[in-house]
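So for the sequence shown, the working numbering puts the first residue at 1480; every next one is plus one.
Quick caveat, the hints were computed from the structure, so don't treat them as lab data.
Pairwise CB distance ranges (calculated):
id, residue 1, residue 2, range
1, 1531, 1603, 28 to 36 Å
2, 1565, 1543, 15 to 23 Å
3, 1604, 1639, 15 to 23 Å
4, 1585, 1527, 13 to 21 Å
5, 1660, 1524, 41 to 49 Å
6, 1506, 1693, 51 to 59 Å
Straight-line alpha carbon distances no greater than 27 Å define the calculated DSSO-like cross-link-like pairs of lysine-lysine that follow:
id, residue 1, residue 2
7, 1585, 1532
8, 1570, 1637
9, 1570, 1585
10, 1585, 1530
11, 1530, 1554
12, 1554, 1679
Each residue gets a CB set at the ideal place from its N, CA and C atoms; glycine is no exception.
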Amino acid sequence: MGIQIWGAFGGFQKKTGALVGHYVNGQNVITAIPHPSQNPPTIPQLNARAKFKTVIDFQRRLTPLIRIGYQNAHKEKQTAFNAAFVDNYAKAVTGVAPNYTIDYEKFAYSKGQLSKAYDAEILTAVAATIQYSWLATLATGIGGPTDMATLVVYNPSKDQFVVLTNAAARSALTYSLLVPGDFSGDDVHCWISFVAANGKMASDSFYVGEFTVV
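Start from the sequences, fold in the hints, and give me the full structure.
This is the structure:
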């Protein structure tokens, strides 16, 4: 049953006959009910679906970060998540179809004009600890000492993220991130980004590298 929202001349939502109403990005959108294809999917279609799923499955778990990180990097009628998906689908997938994987070095969860982490490094000398360090240099000239670091660690063998927002101010120049004890001996991938203290501007996410947790 369709539901009219603004009277006889307004849009409607849900199914009405052969039509489906949606309210998307401030506009009423009416589409026909899709007809299932009678043809089996082609190899290119299957490969595209596999690539799509690879990006979505990885990216969706960082949705809160992407909303902030891509807040100023998406088009007017595009969500931050979709903008990140476009970038990652085009740049951050590796492997041979249909066995796609994420190219961690090229994956992005943040894209903005704020200066990114400069000369960021990782030290893993302490058990279950990822010690980040960076310099205060503002490569783009945009940002300041109160910008807050976001730290992301991904463990492929356990398919598990460790994420910490507002970890430390840019001026701190270092932060020791605790990870689960069972990460010991595992290789992890690490990223860092910055968000302005008022939350209205973000930097590009920066891939620091792959490291082994002690």
